[in-house]
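J.: Single-letter residue listing:
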Amino acid sequence: MVALAVPYVLRSDFWLGFLITVLLFAALGMAWNILGGYTGQFSFGHAAFFGTGAYTTAVLHIGLGLNPWLGLATAAAAGGLVALLVGYLSFRYGLRGSYFALITLAFAEVLRILANSAEFTGGGVGLYVPLDLGIANLQFADKAGYYYVALAFAVLSLVVGWMLERSRLGAQMMAIRENEDAAQALGVDTFACKLKAIVISGALTGIGGAFYTHYYLYIDPGIAYGPGVSVEILLVPIIGGLGTVFGPLAGSAVLHGAGELARRLMGDAPGLSLIFYGVLLVVMVRFMPEGLMGVVWRIRRRSETQADA
Amino acid sequence: MLEVRGLNKSFGGLLAVADVSLRVTEGDIVALVGPNGAGKTTLFALVSGFLRPDGGTVTFAGQDVTGLAPHLVCARGLVRTFQVVQPFGRLSVRENIAVGAHLRFAERGEAMARAATVAQRVGMSHLLDRPAHALTVAARKRLELARALATEPRLLLLDEVMAGLNPTEMTEMIRIVRGIHDGGVTVFLIEHVMQAVASLAERVHVLNYGRLIAEGAPAEIARMPEVIEAYLGHGAAERMTAHAAGGSR
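Those sequence lines, one after another, are chains X and L. For what it's worth, this note's numbering labels the leading residue of the first sequence as 3, then goes sequentially. For what it's worth, this note's numbering labels the leading residue of the second sequence as 23, then goes sequentially.
Don't take each hint at face value.
As the list claims (entries may be wrong) - Distance windows between CB atoms, simulated:
(1) G111/L to V4/X: 32 to 40 angstroms
(2) Y101/X to R233/L: 52 to 60 angstroms
(3) G96/X to G145/L: 33 to 41 angstroms
(4) Y90/X to R45/L: 37 to 45 angstroms
(5) A97/L to E262/X: 48 to 56 angstroms
(6) Q217/L to Y101/X: 27 to 35 angstroms
(7) L274/X to T158/L: 35 to 43 angstroms
(8) A156/L to V284/X: 43 to 51 angstroms
To be verified - Covered stretches of chain X (in silico footprint by chain L; criterion: 3 or more residues with CB under 8 angstroms from a CB of chain L, positions within the stretch not fixed):
(9) 157-171
(10) 187-196
In short, the hints are calculated from the structure, not lab data. Quantities reported herein were computed from a predicted structural model and do not represent experimental measurements. Virtual Cβ for every residue (Gly too), placed ideally from N, Cα, C.
From just these sequences and the hints, can you work out the full model?
T.: So, in structure tokens, the structure goes:
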């Protein structure tokens with residue numbers, strides 16, 4: 003309810019823009035979390051799905067006039083399809099851990115190079131979505147409209163995560179994360195289960211990419227498929243708490259809040275955000291490996307034991 | 023129930039399992055013993071689908087399951103436990119067991135309820151909400167057993183469930199295994215602890231250097247010269263007989 007009322011109270015474009023980014027990356031972080039946090043398969047190349055979603059809707063909208071709302075759906079399908087391909091190839095050959103991370107990174111890079119050289123993606127110049135305001139066109143005169151779309155996307159992702167935690171698939175995914183051999187011994191089809199995880203993750207990430215396209219009305223290979231997107235997506239759940247429903251939301255708020263603060267204090271020097279992300283990642287992994295949700299959980303447990311005493 | 027015929031497996035030049043044939047009849051408790059490195063765990067891995075044999079066949083409940091993936095073997099009712107326990111560390115005992123129960127129950131609530139029932143059978147009811155990594159060795163062994171049991175197997179392969187247990191815990195574990203067997207599950211177990219083998223198993227197979235060297239009731243096995251030699255070295259049986267003869271004089 004509070005989230006729905008925000009645009010009426012908060013009339014600043016800057017803060018709405020900030021919240022849109024937070025919500026978008028909360029959703030993307032949850033998408034990554036499904037594969038990385040719950041299933042334990044760390045991807046360094048979620049840009050492959052993000053970029054595919056972004057380009058799918060851009061190309062179809064500009065070239066064939068496909069409605070952007072349908073663009074979100076086709077982007078989900080395209081992201082899921084690329085995820086299926088990446089997942090099939092890497093899981094079939096038993097790639098785990100850093101090998102899986104590297105192969106996903108490689109896929110994203112290959113796609114970036116392809117997008118850079120192909121004709122229909124506009125090459126290195128990228129694609130501009132023509133301005134044509136209207137709800138039917140997923141273009142809004144003020145940021146409130148985008149805010150609601152981002153909010154819906156974030157809620158969708160969180161609900162998917164919440165449902166997974168209460169399902170057989172989710173239980174099997176967590177079993178794979180903890181111990182793949184033991185999961186297999188207990189009748190878990192680990193290959194099929196990992197494929198489902200990566201497809202769900204890829205489809206959601208594809209939607210995020212499509213939203214990005216229609217929000218900024220511009221896409222190029224560096225934005226869509228660059229390693230920056232992959233890193234930003236994976237940082238969110240790592241900061242917030244891997245394998246938790248609310249971790250990505252908390253992580254996204256902190257990551258972008260701190261990022262904004264850093265920009266204000268130090269100016270928008272190129273590469274600054276990457277340095278900032280790197281430092282943040284090191285600090286988190288060293289001091290809070292369970293993320294923000296882990297800290298919340300520890301404080302709650304401490305107050306409970308105090309209440310008992 | 024289980025029939026293994028002419029099973030072979032080698033790793034590089036090492037023949038880990040050589041032409042092994044054996045049979046486990048429905049309703050039995052059968053033990054597999056042998057010195058370290060005899061190929062016992064490898065044999066279990068071959069039967070449960072974790073390793074693909076170089077030759078030979080595995081038949082379970084009348085169907086050929088040779089080379090079938092572990093989860094499919096498990097779905098047919100043949101489940102293994104691991105010698106080195108493999109708990110899902112960050113999940114609770116209940117969630118651990120529920121993973122096994124999910125094989126038969128799709129719904130989360132049902133699987134969790136089922137997990138509680140199984141936990142009771144192995145005496146873990148009081149530990150249901152404990153994370154698996156916080157359990158003692160004895161409790162981990164039971165958890166390993168409980169998870170396997172939750173898949174509702176017809177044949178249970180137990181790989182050294184007694185290892186690392188003190189005498190009290192072992193007595194308790196023997197009671198649990200017997201209880202599972204009484205519930206209609208056929209048990210095939212690898213065991214080093216002879217006391218456990220003697221009190222549980224009706225038949226014993228002895229493996230040495232990948233080959234079956236003896237088969238019989240526990241008491242018979244302990245007297246066979248080839249078995250004594252496998253454990254204590256060449257000529258040991260002779261020396262023991264000589265020593266016994268000398269002692270009686």
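J.: Taking the hints in turn, state whether each one holds.
T.: Evaluated hints:
no.: 1; hint: G111/L to V4/X: 32 to 40 angstroms; result: holds, 37 angstroms
no.: 2; hint: Y101/X to R233/L: 52 to 60 angstroms; result: violated, 37 angstroms
no.: 3; hint: G96/X to G145/L: 33 to 41 angstroms; result: holds, 37 angstroms
no.: 4; hint: Y90/X to R45/L: 37 to 45 angstroms; result: holds, 40 angstroms
no.: 5; hint: A97/L to E262/X: 48 to 56 angstroms; result: holds, 52 angstroms
no.: 6; hint: Q217/L to Y101/X: 27 to 35 angstroms; result: violated, 45 angstroms
no.: 7; hint: L274/X to T158/L: 35 to 43 angstroms; result: violated, 50 angstroms
no.: 8; hint: A156/L to V284/X: 43 to 51 angstroms; result: violated, 29 angstroms
no.: 9; hint: 157-171; result: holds (count 3)
no.: 10; hint: 187-196; result: holds (count 6)
Consistency with the previously given hints fails for numbers 2, 6, 7, 8, ordered from lowest to highest.
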